[in-house]
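Undergrad: Between the sequences and the hints, there should be enough to build the whole structure, so can you do that?
2 protein chains.
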Amino acid sequence: MRREITGFSNPLVKRVRSLREKKHRKREGLYLAEGLRILTEARECGFLPETLFHAGEENDLHPLARQLVEAVDTAGGEVIATNADILSKISGKDNPQTLVGVYPDRLTPLQELDRSESDIWIVAQSLRDPGNLGTILRTGDAVGAGGLILVDDCVDPFSVESVRASMGALFTQKIAHCRWEEFVNWLRVGEGVLIGTSLNTDQDYQQPVYKAPAFLLVGNEAQGLPEAYEQECDLLVKIPMMGKADSLNAAVATAVMAYEIRNQFRSRT
Amino acid sequence: MRREITGFSNPLVKRVRSLREKKHRKREGLYLAEGLRILTEARECGFLPETLFHAGEENDLHPLARQLVEAVDTAGGEVIATNADILSKISGKDNPQTLVGVYPDRLTPLQELDRSESDIWIVAQSLRDPGNLGTILRTGDAVGAGGLILVDDCVDPFSVESVRASMGALFTQKIAHCRWEEFVNWLRVGEGVLIGTSLNTDQDYQQPVYKAPAFLLVGNEAQGLPEAYEQECDLLVKIPMMGKADSLNAAVATAVMAYEIRNQFRSRT
Chain W
1 MRREITGFSN
11 PLVKRVRSLR
21 EKKHRKREGL
31 YLAEGLRILT
41 EARECGFLPE
51 TLFHAGEEND
61 LHPLARQLVE
71 AVDTAGGEVI
81 ATNADILSKI
91 SGKDNPQTLV
101 GVYPDRLTPL
111 QELDRSESDI
121 WIVAQSLRDP
131 GNLGTILRTG
141 DAVGAGGLIL
151 VDDCVDPFSV
161 ESVRASMGAL
171 FTQKIAHCRW
181 EEFVNWLRVG
191 EGVLIGTSLN
201 TDQDYQQPVY
211 KAPAFLLVGN
221 EAQGLPEAYE
231 QECDLLVKIP
241 MMGKADSLNA
251 AVATAVMAYE
261 IRNQFRSRT
Chain V
1 MRREITGFSN
11 PLVKRVRSLR
21 EKKHRKREGL
31 YLAEGLRILT
41 EARECGFLPE
51 TLFHAGEEND
61 LHPLARQLVE
71 AVDTAGGEVI
81 ATNADILSKI
91 SGKDNPQTLV
101 GVYPDRLTPL
111 QELDRSESDI
121 WIVAQSLRDP
131 GNLGTILRTG
141 DAVGAGGLIL
151 VDDCVDPFSV
161 ESVRASMGAL
171 FTQKIAHCRW
181 EEFVNWLRVG
191 EGVLIGTSLN
201 TDQDYQQPVY
211 KAPAFLLVGN
221 EAQGLPEAYE
231 QECDLLVKIP
241 MMGKADSLNA
251 AVATAVMAYE
261 IRNQFRSRT
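Residue numbers (the working numbering), protein chains in the order written: chain W, 1 to 269; chain V, 1 to 269.
Everything labelled a hint here was simulated from the structure, so no lab data went into it. For every residue, glycine included, the Cβ atom is placed at its ideal position computed from N, Cα and C. Hints may contain errors.
[Unchecked claim] Here are the simulated DSSO-like cross-link-like pairs (lysine-lysine), alpha carbons at most 27 Å apart as the crow flies: (1) W/K244 x V/K89; (2) V/K211 x W/K244; (3) W/K93 x V/K211.
[Unchecked claim] Derived Cβ-Cβ restraints for the label pairs, each shown as a range: (4) W/D114 x V/V209: 37 to 43 Å; (5) W/R27 x V/T108: 48 to 54 Å; (6) W/K26 x V/V189: 57 to 63 Å; (7) V/V209 x W/L36: 39 to 45 Å.
TA: And the structure:
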């Protein structure tokens, strides 16, 4: 269905705008993604928005945006023509993208994750920064990970900042969320090597021979991994640091580790 | 000199607060850094703030913060006792750090960079995101890079977000800023291999044998490197991507490359 909205006080505009807040996302089971690149990525992964907003005339849209409009309409979704001011209100940005999609959130229950789908999985514990979470999803996509398992209290993967930082990888990666105990119980009934990075070891991250499926465990940005979590790891490794500040951004450390694991796997095939 | 400020309309508070904006930083030649960790890192690298603000009584401060107060006072700087509300006003954060320092900015003229000081240098072209810039500085510190050369129009390395993301690495890394032509002219009168990452090559980033000093060239987040810049590179390499989104965050790609170069260097010694 196609319609036009030009009024700021339209209830749907207000409702969609409210999805920038976590409590409304939770209540509605919906989240926002913006921009032609990310929405096209989503479509290629088989995900269409329930509601699609676009600025201006349909005929003036990019060909890929017009394909998206057609696909949403055909699938029974709602396509709403509006203007840049309203998209700005929805997205909270002065220069909004010309497309905003509303998607049903898509956490995968841990029990439904099929670990045989990939040889690398990323596990993040108490991650606080939405930019880091999105960047880790993007890295997960690049290294061919199966998905991201969020452990304990993590930032919402469906926040606007996280979706933006993921650059569409949110749609290529499975995402699960659970407590540590649940994760460990699930992990230990199947194959899998749990690999943690830590400053409390002398083992260089290039030293071990990594085996699949590798579960790469990343700790909180400020605290790192709790001691009990490190003890659960099958391998604890350290990324060497030559500098004075002696620390890496959490998403950067994840990428350096994930590429080491991927590089070992691809050198063996 | 030590004094106390409790008034919101104090001219110094206004002036320091204005340093959150680039035009005021440029005019004053000053920038802000916040928090015990970053300010201590700065002190260990030999940098003291001209002016140091702390919240509350000096006797209630962390021992490292008290050492910092002493050092600033001894060096002839100004130490200002104030309160959390004023620090919040200065830093623009609801929960401000208890320390804010005002530092003279410290770009190194390109001609004064001594390339023999390190075997890895990072060069970033038209970087737009302050978080990426700070994260690249932090990675530079970790891999033992000598510094960061900013080429063309980059985001200000002395912005509050960049300083924060660098986690103190801003003080361990030399930072230069120049046009592309100046950089190339400077590079080519000495030793140095210019290494660019690109999607326009089939050469895997683990394939070449990297030589020192390695200059790792990183392009703009959205556009990557201009074609002419790629042509100037001695080596063009590609980080393999197995996913669908087919992209990495700029700071992540920099780290994956920088660790490959560092790993090659350390395996040869």
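Undergrad: Any hints this thing doesn't respect? Which numbers, in order?
TA: 1, 3
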